[in-house]
Amino acid sequence: MVSIIVIFFSEDPILSAVTWANNDEVVAVWMNRVQNNAEIVIYNITAGTYETVLKISEPSGWIDLFTPPKFSQDGSRLVLIHPQDQGSGLGSYRHVTLVDRSSNTPVSLTSGQFVVTQIHSWDYEQGLM
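In this note's numbering, the protein residues as written are 563 to 691.
Quick caveat, the hints were computed from the structure, so don't treat them as lab data.
Quick caveat: nothing in here was measured; it's all calculated off a predicted structure.
Careful: at least some of the hints might be erroneous.
Calculated lysine to aspartate or glutamate pairs in the EDC-like style (CA-CA distance at most 16 Å, straight line) [claimed, not checked]:
hint, residue 1, residue 2
1, K617, E687
2, K632, D574
3, K632, E573
4, K617, E601
5, K632, D662
Start from the sequences, fold in the hints, and give me the full structure.
Structure representation (structure tokens):
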């Protein structure tokens, strides 16, 4: 058994969501107590390593990230819903973001003055959600 203990936020961290990426990797969503900073961390339980795939900060509000991300079949990509600034003073709205683990670069899949509340399913073959 591998023990991985990493504290991402020094005081009162919140473990807001947990899921499996694949058979060897468990994913944790950590937030600070104020809930304006979050990190999505993948722990490889076989190798005893971890990787931060995304850091999210909301300096003028809070982050609502209590639903775990969904993963592609091979675990190489993940999608999640989180606030994204829509620019031109429109504010932030919750939208779908895709993260490819090879680059850890988030790509917005939806945008606009509306809120995405849930990802029901992911058709990996056709690339549809």
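Outcome of the hint check:
The hinted pair formed by K617 and E687 fails the criterion: a straight-line CA distance of about 28 Å is larger than 16 Å. Using a Cα cut-off of 16 Å, the hinted pair K632 and D574 is violated, with the two alpha carbons roughly 26 Å apart. Using a Cα cut-off of 16 Å, the hinted pair K632 and E573 is violated, with the two alpha carbons roughly 28 Å apart. With a C-alpha separation of about 5 Å, the suggested pair K617 and E601 falls inside the 16 Å cut-off, and the hint holds.
Annotation: proposed proximity of K632 to D662 holds, straight-line Cα distance about 12 Å (limit 16 Å).
In this structure, the hints that do not hold are numbers 1, 2 and 3, in rising order.
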